[in-house]
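Participant: So the chains spell out like this:
There are 4 protein chains.
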Amino acid sequence: MSEIQVTGENPRTFPAHWKKCIGTGRLGLALQKDYLDHLKTVQKEIGFSYIRGHGLLHDDIGIYREIEVDGVKRPFYNFTYIDRIFDSFLDLGLKPFIEIGFMPKLLASDQQTIFAWEGNVTPPNDYQKWRDLIKAITQHFIERYGVKEVLTWPFEIWNEPNLVNFWKDADKEAYFKLYKMTAEAIKSVHPEIEVGGPAICGGSDHWITDFLSFCKTENVPVDFVSRHAYTSKPPHKVTPDYYYQELEEPEKMLQEFENVRQMINDSDYPDLPFHITEYNTSYSPINPVHDTTLNAAYLAKILSEGGEHVDSFSYWTFSDVFEELDVPKAQFHGGFGLMGLNHIRKPTYHLFAFFNRLGAKLLYRDDQLIVTEKENGDIVAIVWNLVMNKGEKHDRSLSVQLPVSNGLYFTSTQSISEKHANPWRVWKEQGRPRFPSKAQVDTLKQSAIPYFESSQTEVTRDQLTLHLTLTKNEVRLLEINRVNDETDTYLGLDDHLIDTY
Amino acid sequence: MSEIQVTGENPRTFPAHWKKCIGTGRLGLALQKDYLDHLKTVQKEIGFSYIRGHGLLHDDIGIYREIEVDGVKRPFYNFTYIDRIFDSFLDLGLKPFIEIGFMPKLLASDQQTIFAWEGNVTPPNDYQKWRDLIKAITQHFIERYGVKEVLTWPFEIWNEPNLVNFWKDADKEAYFKLYKMTAEAIKSVHPEIEVGGPAICGGSDHWITDFLSFCKTENVPVDFVSRHAYTSKPPHKVTPDYYYQELEEPEKMLQEFENVRQMINDSDYPDLPFHITEYNTSYSPINPVHDTTLNAAYLAKILSEGGEHVDSFSYWTFSDVFEELDVPKAQFHGGFGLMGLNHIRKPTYHLFAFFNRLGAKLLYRDDQLIVTEKENGDIVAIVWNLVMNKGEKHDRSLSVQLPVSNGLYFTSTQSISEKHANPWRVWKEQGRPRFPSKAQVDTLKQSAIPYFESSQTEVTRDQLTLHLTLTKNEVRLLEINRVNDETDTYLGLDDHLIDTY
Amino acid sequence: MSEIQVTGENPRTFPAHWKKCIGTGRLGLALQKDYLDHLKTVQKEIGFSYIRGHGLLHDDIGIYREIEVDGVKRPFYNFTYIDRIFDSFLDLGLKPFIEIGFMPKLLASDQQTIFAWEGNVTPPNDYQKWRDLIKAITQHFIERYGVKEVLTWPFEIWNEPNLVNFWKDADKEAYFKLYKMTAEAIKSVHPEIEVGGPAICGGSDHWITDFLSFCKTENVPVDFVSRHAYTSKPPHKVTPDYYYQELEEPEKMLQEFENVRQMINDSDYPDLPFHITEYNTSYSPINPVHDTTLNAAYLAKILSEGGEHVDSFSYWTFSDVFEELDVPKAQFHGGFGLMGLNHIRKPTYHLFAFFNRLGAKLLYRDDQLIVTEKENGDIVAIVWNLVMNKGEKHDRSLSVQLPVSNGLYFTSTQSISEKHANPWRVWKEQGRPRFPSKAQVDTLKQSAIPYFESSQTEVTRDQLTLHLTLTKNEVRLLEINRVNDETDTYLGLDDHLIDTY
Amino acid sequence: MSEIQVTGENPRTFPAHWKKCIGTGRLGLALQKDYLDHLKTVQKEIGFSYIRGHGLLHDDIGIYREIEVDGVKRPFYNFTYIDRIFDSFLDLGLKPFIEIGFMPKLLASDQQTIFAWEGNVTPPNDYQKWRDLIKAITQHFIERYGVKEVLTWPFEIWNEPNLVNFWKDADKEAYFKLYKMTAEAIKSVHPEIEVGGPAICGGSDHWITDFLSFCKTENVPVDFVSRHAYTSKPPHKVTPDYYYQELEEPEKMLQEFENVRQMINDSDYPDLPFHITEYNTSYSPINPVHDTTLNAAYLAKILSEGGEHVDSFSYWTFSDVFEELDVPKAQFHGGFGLMGLNHIRKPTYHLFAFFNRLGAKLLYRDDQLIVTEKENGDIVAIVWNLVMNKGEKHDRSLSVQLPVSNGLYFTSTQSISEKHANPWRVWKEQGRPRFPSKAQVDTLKQSAIPYFESSQTEVTRDQLTLHLTLTKNEVRLLEINRVNDETDTYLGLDDHLIDTY
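Residue numbers (the numbering used here), protein chains in the order written: chain X, 36 to 536; chain V, 36 to 536; chain H, 36 to 536; chain Z, 36 to 536.
All the pointers check out, no bait thrown in.
Identical chains blur together in the list; that is why a pair holds if it fits in one copy or across any two.
Pairs of lysine-lysine, DSS-like flavour, derived with a Cα cap of 27 Å:
#	residue 1	residue 2
1	K409	K480
2	K55	K473
3	K79	K480
4	K272	K108
5	K203	K108
6	K396	K473
7	K183	K396
8	K170	K473
9	K480	K68
10	K130	K222
11	K454	K480
12	K130	K68
13	K79	K473
14	K409	K183
15	K215	K203
16	K409	K473
Since the hints were derived computationally from the structure, they do not count as laboratory data. Computed from a predicted model, the values in this text were never measured in an experiment.
Start from the sequences, fold in the hints, and give me the full structure.
Facilitator: Here it is as structure tokens:
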């Protein structure tokens, strides 16, 4: 039983970088109604500022085509779908965090692809055509959305070029060439558009240094640095339906944020923003951890502290409407999404929604607790009990003393745990229906609502003490509002005359 | 601890008369957006067939007016608002259960009014004009909605004429005259329109007999008999803000249903339908009981058994958008509504929503339990623990054995109690804000959701036994679905490899 | 045939004061669904900033009540409805332009009322209670909406106190007393809230001077001056259903704007803003002119030039959901509304929607034409042909030369006239159905759409000449967009191979 | 100038078979939001009963997959997407008209594909797996939607097997084998599910006879016969962007309907229903005719008379959200859709909407006119002026005498022509923007509204004569309603006192 004394002295600003950006399945999916329905709810209840995903140049969106005229192939740029997609994003209050990739089939130098949807990961077969394409899309975005708007969109070049499955041979020199060509093409349209990279993933931090040196040496524009972060260890079981991994401690991810930030600080570009353009526990879209309360409890610390090190970090992804490993084969399948299929909120969804209720003033923060104050004086805290050891079950008790002036207080809590707001568990009880009926979906939706409790407390010594016991992997939101008690204005009120409370 | 054995033998049909009709504040309120928003939700989640309320002829809807031409007043019938109102009802799947009343000011023979909105309760000053009015509205309804539709609308003449505040002097002869004039005017437009009365309230059952004798003797048309039912005793405290009463046992209301049914059976019209066109615990719109779980637990038996005695019984009313005692003065004020102000579902709302999930086949029923089966074989039950004694707190434990074949079952429960789905309690903790902020309303909405739990059980001896403990005034819905277990189809599934459940 | 040469030299800003504020029927109507549906459309297609109407303190909203405690009456302030109303306005992007009035029945010193809805127009019977009420509502608005928001709301004291039907005896001294008491009560809650008056109507301009002198002499706060403006002459026929009047020339209204502005300039408060808090052609809600194209053609000049003289002018009113002369008795009845009953746009609605498409740069303006340029270079003009003489029918022809550079242009026009977008005429053809069926309403909606035409023109000498012939009371919107011609990009295109154009 | 005398004698029922079914782009597109938005509008304003499209078994919906277990591939049926799609259809009031096809890649015996989306058109590589697949989907549909529902869905086997690009080698014997295997697999799940074929296209009517003989000989189940119909001649110009063809006369299509009906009548199955499961003018999705008024005027006769010969005929297709020739490359591109991209109604859309207003009683019909009566006595007619000769421009005048009793009549017309409701023309004036801006789309939408006119006529000799002049390819809806004239009820009405009409 730990006792925590929140003094409220020396408050500082809590940086809300956790909600700057969110990841998405390939952009072509953004034509789908379910995708947009999920995103609308996410924006209403969480409200990210940017969205980033693969596939801007993939053939399903179909921007790059060729038409044969008099025996000569010439490029045709088709913006029918990308206009529809970006219109949808902007309508929902989201700006594109542009990711340039993958390679249109007609421009590809080789046949290597990634994912069920076969994104081509090879360099262009013709750099002039590539530059023309990049200029054309940049120009089109400015024409349609206005230069003022487009100047707020970061353009990140490619995705994870340090991995052989995302960039042919993980060829660093080839990437630097692609980066240079692409960045210069973008800047030729408007020099103030922000470009960046190298969007690497896994343990290749030297790419960061090499990349910045390259930019310096070659005088290539760079406006931000980006990287990804996943904390899962190598899989110990891989099956057609599931992929099982252990996780590193969450501290490891924060440490990685800090390390790379330090590398940038030490480079020729110490002031560049640093964006984590993807992160999650596991990098596998069929790792069941994503459907669990553990995932939420695990990420709580990342959301709480990540913003101290990086300018944005983008959870991968908002929805299980996702096709990297083919069409999802079951209601729950270990997908990345905050929102599961059939519009069912997963525990991690609520973690984000809880963080969205925090105030801007940070009063206290430790490994499993964050306490903030809102503009109107309300205190909002989130507390969690991460238990990573298999089978372990220990609850965690703590007391938190909050500095409030005397008076009545209304405390309400919402909680997610193995017992509540855990539709994955309920779905297992239903017999794991792959394609649940509407009635089953209704039940799952109801099961996905956080547990609510409230109480009224009188504070007499300028201190409100909360005694809390959290079950395994519980995440709890606490909201403390000062009560403006109007009870006395009800004339003749007598609760004793009613047989219930 | 009682043990209940449901055999499932000799099942019969459960008559869903509890959802035939719902009461409403005066019809003029149906122009309001909030009213319609509440009604839309009620219809989606409960789905009544008819709606009945006062004030069809009240001056706010303004059907009856007079225009002076050359010094002579002549009637003008204005259907602007009533068309809008009935259009709204029909769009929501509700037919009007017409109540003819109260008296337009220009037709009133005296000034006596009722309610803050001043419904005039005196006989017409000119029966010819009254008949013309009744014919005009009937004719208009047929023109606008078609004769086929209007033939499904019952026309009830006046409201509670046996009470002096609803009908001047509670003059029975005067009522019979009004009834005859009105019924005959309606039938003159179309002889198959259903007319009825006497819509009495309180302990004046002899009106029923007298009314039917009058119809017989005078050869006056009558197609149904109606009555109201409230089970509250005289108030023991009346204050500007609240009205406190004890309640009779629920059995008393059912007994009253049966008694009147018997009186009809014994009359010259033994086959007439019998409608309870209003019922509730208390007849006061500022009795806090309406906001409580007690109200729900109390009414459970009425919903369960009332339909055995009457053809419809209409809960008074669906929403706290209501003005009989002036504009509501606080979020919770003891109003009749299933739905409170600001779209907050009250416990009794959920009682109705629970009943709406029952199946059509009745397997078992006792004082605090009803067990049904749906067409697809699912078993749905509602169990409750009515505790009327002040201060008493005893929980109730029972076991229920259900006849199901061997296999896996998924049981889900939703529950309302003093602890859960009790926004009235939470509102008290908030300091009883009369006009809550949007944030407070959000919290109240969240607090109003029933508590959800679920589990999976394996049945091995053709019997599923549920062990239940209900807290004071808890009402619980139980849904038992046979599981079609797909677990084995997940290749490589191994829940032990994930650190949570 | 006039020839107009628009040079585009010395452009200035077109002040969009015409859309600062819109009038509404009494605020209590804002609870109605139809009212809000109309307002939502108005805001989407026109987009006013403020809304002003009577009845804030009227008893249907019920803010002021008294409760008897121990034989003593004490005030009770009920914000249930006004919160709902202001929430709705703000949700639709509208701020309240507060009008303090009329008198709650319990505070009235006499029984004189106005309108079918009986607004009491007498001074308070107790100035202390009045001040307490004013403070209470001001305080409540700040608590609910925040001080920052409320500081953007003007508070106008009373309505048309110079008319005996709006203020008992049109007693100027009594009004000044009310003004002082009210303004000081408001300022006591927050000194920066804007207060103003005297909201007079008709030919009593000396009230303006007297009012400002009074404020100066008595040191009473005043932050703006307000007045109303109607241009109808005394009625020549008054019937139960209709009220007929001739109109003054539109110039007369503009002259009145200018005169009062000058009076303010010459006062001790030369810098005060001046708001026309009501204007229209006729002040009668049953003058058929409001339903006609004439009304639109007449007001075009007011919208075009009014903003040069006043800081806002508020058309009275946005919708025929209105009850001053009782519930509307027919689909079209001469109501003030831009939007008629059943969501049917009237010609004047389109006038406002046309003005909403104008650019901010004013290129040219005369009596029947306004030409503007938008930020993107598009030219948008409105031209009209006001014909006030009865029976007269002359069309008007003109040519307009616009300064545009060489190239292709797309010109589209929308037009309202006696023939098109004139649902009033169509309704007459339908037999003037008072309460039209849904099918008739659908036809009226379709008839209410402006006539659309478009063409493509090639400009070769830096000048685009439009030859226009307008029918009687036609109002036409002209939009000229430079064409970015993509025709050549369609390979193999050959329009001659298709049998139509 | 023709004179047409409609006597109204011997009326018969107008068979509404034209609205039984509608075509769609491949089913996978039904996941898209725009697709569903278009379909929602179509259903509201036209209201088809069934929807039919390709691609049920195509790999983008992904029903058929294989999973390797212990080195053995076994089938996995994924219903995630098809459930979503059929749920959407049913929510919109549409039942699937099932088309079994094309071949999942994993079951294909060869690599031949059709369309940009690469539908495989080869026989199964393993008939056992194919039968299992067919059974599995049929069984799944019954489980999810209920047997009662699925029994109303026709199952058509394959699409246009008589064409080499739709069925490898157009191998008839291979098709018959596929048909037999598939039909029997379906019937093995439920013997009452309707199966049919052969869904041929073009001039291969002998397939009909052969198919029915085959069924008879082999005792293969067959419940309906299906065929397609297009009336375009071979192309005279084919370009990357457009495909130009002349059209046969519309009579030719009707003759084809009749011929095949006769073949069925003469077969061993004379009572089988006959469905035209696709028809249009041109079979090319880039023939500009589809965007024109000509297309509407051409099809009018088909809609008017087609239902006399066939049980359903399904226009191909409802929307330009369609990908057979890749992502559409421009706003207008000659697509099949009733609805163009960006929710713009094309002329043929209105043709269907006009037909949807016709009554059930057929009073008169000729080549360019259909006159009907509605249940309420309203007369509704459609008249058109098809001009197929290039360059020709002649208007057509006619008079129509309608048998109505004396009284006042309100006549309203809606019209589409080269001038009105022709967004294709307006888009050309805009410079044919491939990816129009939102402002351009708004203009196009406005331009797409039919021209409306109305008038009132007094009938004195039991005959209403309409004098009509139609421009080239105009299609006009005429609605004649008897007027219930309320003019006299307006007291004091005097239209002469208002300066406009």
